[in-house]
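**Q** Chain by chain, the residues run as shown.
4 protein chains.
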Amino acid sequence: MTVRIGVIGTGAIGRDHARRINQVLSGGSITALSDVNRASAEAVRADIAPDATVFDNGQDLIASPDVDAILVCSWGATHEEYVLAAIAAGKPCFCEKPLATTAEGAKRIVDAEVAHGTRLVQVGFMRRYDEGYVALKKVVDGQIGAPIMVHAAHRNPTVPEAYTTPMAIHDTLIHEIDVFRWLLDDDYVSARVTFPRSCARTHAKLRDPQIVTLVTAKGTVIDTEIFVNCHYGYDIQCEVVGEDGVARLPEPMSIQTRLNATLQNPILTDWKDRFVASYDVELQDFLKAAAQGTASGPTSWDGYMAAVTSDACVAAQEAEGDAIAITYPDRPALYAQG
Amino acid sequence: MTVRIGVIGTGAIGRDHARRINQVLSGGSITALSDVNRASAEAVRADIAPDATVFDNGQDLIASPDVDAILVCSWGATHEEYVLAAIAAGKPCFCEKPLATTAEGAKRIVDAEVAHGTRLVQVGFMRRYDEGYVALKKVVDGQIGAPIMVHAAHRNPTVPEAYTTPMAIHDTLIHEIDVFRWLLDDDYVSARVTFPRSCARTHAKLRDPQIVTLVTAKGTVIDTEIFVNCHYGYDIQCEVVGEDGVARLPEPMSIQTRLNATLQNPILTDWKDRFVASYDVELQDFLKAAAQGTASGPTSWDGYMAAVTSDACVAAQEAEGDAIAITYPDRPALYAQG
Amino acid sequence: MTVRIGVIGTGAIGRDHARRINQVLSGGSITALSDVNRASAEAVRADIAPDATVFDNGQDLIASPDVDAILVCSWGATHEEYVLAAIAAGKPCFCEKPLATTAEGAKRIVDAEVAHGTRLVQVGFMRRYDEGYVALKKVVDGQIGAPIMVHAAHRNPTVPEAYTTPMAIHDTLIHEIDVFRWLLDDDYVSARVTFPRSCARTHAKLRDPQIVTLVTAKGTVIDTEIFVNCHYGYDIQCEVVGEDGVARLPEPMSIQTRLNATLQNPILTDWKDRFVASYDVELQDFLKAAAQGTASGPTSWDGYMAAVTSDACVAAQEAEGDAIAITYPDRPALYAQG
Amino acid sequence: MTVRIGVIGTGAIGRDHARRINQVLSGGSITALSDVNRASAEAVRADIAPDATVFDNGQDLIASPDVDAILVCSWGATHEEYVLAAIAAGKPCFCEKPLATTAEGAKRIVDAEVAHGTRLVQVGFMRRYDEGYVALKKVVDGQIGAPIMVHAAHRNPTVPEAYTTPMAIHDTLIHEIDVFRWLLDDDYVSARVTFPRSCARTHAKLRDPQIVTLVTAKGTVIDTEIFVNCHYGYDIQCEVVGEDGVARLPEPMSIQTRLNATLQNPILTDWKDRFVASYDVELQDFLKAAAQGTASGPTSWDGYMAAVTSDACVAAQEAEGDAIAITYPDRPALYAQG
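Protein chains in written order, with the UniProt record's numbering: chain L, 1 to 338; chain R, 1 to 338; chain H, 1 to 338; chain C, 1 to 338.
No lab work stands behind these hints, which were simulated from the structure alone.
Possibly wrong hints are sitting among the right ones.
The list treats identical chains as interchangeable, and a pair is accepted whether it falls inside one copy or across any two copies.
[Claimed, not checked] With a Cα cut of at most 25 Å, we get these calculated SDA-like pairs of lysine to any residue: (1) K288 x N22; (2) K218 x A204; (3) K97 x A336; (4) K288 x A43; (5) K205 x A217; (6) K205 x E243; (7) K288 x R4; (8) K97 x W75; (9) K138 x R201; (10) K272 x A43; (11) K288 x A336; (12) K218 x Q317; (13) K288 x D16; (14) K205 x T269; (15) K91 x S26; (16) K205 x F195; (17) K138 x R197; (18) K272 x D244; (19) K137 x F275; (20) K137 x K288.
Turn these sequences into a full structure, and let the hints steer you where they fit.
**A** Okay, structure coming up:
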C-alpha cells in the first residue's frame, strides 16, 4: 500500500521532505500540498510532485479524502492547530519541531491524542534516527554500565544577529533535550545554566557560550556546552560515563589526509550535512507506521517534555547559576516506555 | 514511473535485492521472479513481492511484457546467457559479479552491448557506491596531487576449506581490481604476486596471505595484501599516496569506548555489514537509469577488464614473483571515460 | 658543578627521586639522607647513594655544609617545617605536594621566601613538566584564541576505603587546580561542586563521581569530573575551548592493535605510569636552578594558591550546588607572572 | 664512577652528543675532543666541555689515559679506522652510522671484536631506543602472533640535489634495515625494488618513490615505501601483521585541535625531531655498559648485516623488479641472539 501524503508548509524542510517521499523512500506518495505562499506549493508540485493537488489551506488538506497522512512543516506557531486537526481527523501526522510553541499547547496535543486512544503523532526529533546516536544508545544500554554523567557540546560556527540567548535553548539545545531523554531513558528534574565570559564574536543580545546542566530523575548529571559562535565548525559531541566505562558519539565519516605537515579530517560547517541521512530514516519510519494508521518514533509526550524542559532552561538562564526545578504530570499510559 | 523489475536467481543476494526494491528504494517494483529452485522464488513472492509472477526460467522472465528491467542474481555460470538475452531484449540489466566466468564471455557481452549502441548493463561492483570510497575518490581527485602509490589490504577472518589460492583473486581481490580502476581512473599493465610464508590457520589448497602488486598505465603501483585467515576481523584498508599528500579510506562508523583498560572500537567480522549501505545506493542508481531505459555505474567494459586482470593475477600467482603483462583491446567509445 | 642534594623522607617518592638524581639526571649527587625510619634512609644509601651520610633528622641535614639543596619528601604534615628551615638556611628546596597542610602554613612559607628576597622553593606539581601539557599550553597560548572553557576529567580505577570525599580535592583535584592556573595563566574566583548519584563501586564516606566547576578571574569556566572509582583505567582528559577553536590533551603513547574484532589501544591503570617521565624533567629543572642557588618551576605562591582553592572546593562540596567565592591577597612581586 | 668520554668528530651530531653527556645524562663526562677542523673541537670545549682536552687526531685521543670510552662521530669514511683503534685499545666505542662504508670494512670490525672476545662496539641505530618502536616490539613479541608481513613507509618532505637513488638505501632505508631485523628477530634472504613513476618534485639522479621488498629467513615479507620528496612531512609508518592481529607504530605525540573546519594534528617535518628522545636513551645505555668496560645495544654484527643488506638493495635497484639474494656468513657466538 502506498501512503498518500499531504504536506503543509513547503518551505525548505517541507520541500525537502516532499522530495524524500517521492524520490528516495519507499511506500509513500505526495498527493497534496499547501502553503501560506501558494506559489511555493505550486513550485513543489511542478518540480517534485506533479500528481499532487495544491490546497488553499492546511485544514482543507487534512480533510481531503486523498490524504492518508500529514507532514506539518509550516511556521512553528501553526503546528498546534494542524496537529490537533490531524488527530481530530484520525490521520497520522508527522510534525516538525516544535510540536507547539508553548508547553500548554503541546499538552493540549497530548490530551487530544490520549483521548483518541492510539498514537497518531510523530515529532521531528531526527537525532534519534542518526546512525551515531543509535549505535551510541546500543552501547550505553549494554556495555558501559548504568550512566552517571553525560558531557556534551553543541557548537555552531556562527548565528545571525536575530539569534538571542533564549534561542540557544529553543532552537539549539532542544535537540539535546530530546535525545538525552531517549538515550538515557530518563526524565529531567532540574536545570542550571553557567555563563563563562561571552566570546568576542557574539553580539549584544546573545550570551555565548553557555553551559546547561540537567539532572535526571535517576541522578545522572548532563552538562552541555552550547557555543554558537565557535567559529571552527558545526560540531556535536557527546560522551556518556557509566559505572563500567565511557562511550563517545563518533565523528561524522570523513577522509583523513596527510597534507601540509598536518594530519587532518574535515569538520562539517553546516548542520544540515550532519543529520541529513537521519531525515531519510525518520520519514521512512513514519511511512511504515502510517501505512498501519498509527505513528512511531518521538511522541507528543516527548514534544511536551521538550517544551517543559526548555522553559525551565530559559528560566535557569535568567536565574544565572541557580538550579530550576522541572516538574510535569504523570506520563499517560499511551506513552509508556519500552 | 515505476520500473517493473524481474529477478533471476532468488538466493541470498537476489532475495535481498528484491526486498530493497519493494521496501526500501523508490521507483521500482518486483513483478517477476525465477530460480532454478522454484520454491525459492515462490518464497520471495510470498514474503516480499506478492504481486510478482514466478517464471519457469530466466529467458521467459526476460521476455515478459510485465518486466522493464532485470536483476541477474543467479549462479555465476549463467550470468552471460541472461545478460546477453537482456541486451537482445533491449532491457536494462543489473548483473551481480562476475559479469561472466571468463574474459571471453565478458567480451561477448561488451560486443553485444556495443552493437546495441547504448548502455543497458550495470555490473554489481558495489564498492563504487560505498560512502567511504566515494569520499576518498573526491579527495584523491582534488586534494593530494596525482596518485603514485596505493597501499591496500583485504582481510577476512576466515574462509572455508573449499576456498583455494586462485579464489583469493576471483572472489576477493576482484573488488579491489575494479574499485582501483575507478578510483584512479586508470588501467593495469602488469601484475605480480608475492607470497610470505603461509599463516598457520590456512589449509593445504590456499596460500595465505599474499601480496598482489598491480602497476597501472600511468605508472602508479598498487600493493594489496590479501589475508583471508587474518582471524581478527573483516578489514578493508586503502591508502593513496599522491604527489602532495596521502588520503586514507575511513574505518566504518563505530562507537569508541573506554572499558577494561582499553580504548576500543569494534571491528566488523562479516563482509556483508561492511558494504550493506552501498547496495541500496547501487540499486537506486540502477532504478533511476532503468526508468530512462539505460544503465549507469560499472559497465560491461569494467566487468570485462576485471576478468582480464583477474586472469593475469592468477597467472602471476603461478609465476610466483614474476610480473605478468596485462593486455586488452582498445576501449570502445560507448565506455568512454568521464 | 655538581649540586649536593639531601633528601628528607626516603619512602617511595623520596627513594625514587634519589635514584633519579644519582642514576638518570645530570648535575646532582645525593650526599645526605634522613627519614623518621632510619632504616629506610640506610637502605637508600646502600642501594642507590653509597656516598651519602644518613642524618638523624631533617634539620641537621639541612644545616649540613655537605648539602647544597634539599628534597622534602617526608610526610605532608612536616613539609612546612623543613621548607621554612631550608629558606632560613638559604638553600634551594624542592618540596613534594602539599607545600603545607593548611593555607596558613603555605602563606608562612610564601612570607618567608618573600622576606628572603629570591626564589628558593619549587613545589612538586609535576604536570607542568608533562610533555602533553607542555605541548597543550603552547597551542593554547598561540593557536586557539583566548580560552573560554575547559572540560576536564580525572579518573582513577579505584581508591581504598580510607579515601573520603574531601580527599578527592586534596589528593586528586589538587593537580588540576595547579595545572589549570598555569595552563590558563589565570586565577580562580569561585568553585561549585555538583554531585551526580554516586556510583555503585564507591563506599559510605566517598561521594563519587563529582563535578567541580571553577570560574577564573578572566571568566573562563572549568568543569572537571573527578571519578575515582571509574573502574576502567587511570585517565586524564583535558579539552580547552578558545575563541577560535579547541585543543585537547593527547592520550599517552600506546600501540594500536587490531585483535579479536577490536581496534584497541591500552589505557593506563596506574597514575605513576602516566607522569613518570615528567618527574625526570621536573627534577632536572630543579638541579639546573639549584646550581645557581635559586629555584624555578611551581612557586610557593602556586602552592599557597592551590591550598586556598582546595579549601574553597571542599567548602563547595559541603555547600552542594552553591558557588563559593575564592579570595586571596595580592600576588607578591617575587612571583610576578611571565 | 664517571665514564671519561672522548669524542672524535665534533660536527652537528658529535657536538650534540657531547652536550648530552655533559648536560643531560648521568654517569659520563667529556674529557677529550678532536676534529679534522680543530676550531670545531675548540668551540665544543668552550661551549660545552671546558674540562676537555682537544687532541690533534682521533688516534691520540683513543690512546689517551684520560679517555675511558670513545664516541666516533666523524666523517663516515673514517669510522672503520677509529673503531678498530678503539678495539685495539680495549675501550668501549659508540660509532655513528655507518659502522664502515663497505661490508668488508664492517666485517673487519666484526672480526677484530670477535678476536678481542668481548663486546666493545655499539652502533648508532637509535630507532631501537625509540619509545614507539620499543612499545611496538613488546606487542609484536607478545600479542599479535608470529609476524607474517610488515608494511612500512619512510617519507621525507624533500632532499637536496646531491641525494641520488642509491642514497635512498644507504642514508634512508638503512634505519628500517636495522630496526626490522631487531623488531622481528630475523635476517634477510632477498631484496626486490619496485619503482612507480617518479614524482614531479624529484630530480634527474633520483628515482623517487621506490618500494623495497625484503623477505626474511622466517618467510616474513616486508614492504617499505621510500618517498623522500613526499612534500607533506617527515613520516615514519610501520604496521606489523601477525597470525592473530595487527600492530602499528604510534604517531609522534601531538596536540589535536579543531580549527578552521579541520580536526588536525601537526606532522613533523624534520627527522631530528622524530628521534631526538631516543638519542638520550641510546647514549645512556652506552654510558651504563661503558662503565662496565663493555658495550650493549646494536652490535658490530648488526652494522655488518646492515651493510650487506644495503648492498643487496642497491643491486636490486639496478636489477629493477628482480629479487636479489642476500647472503652472509654464520653469526659469531659473540653476537648470539637473546
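**Q** Would you pick out the hints that fail for this structure and give their numbers low to high?
**A** none
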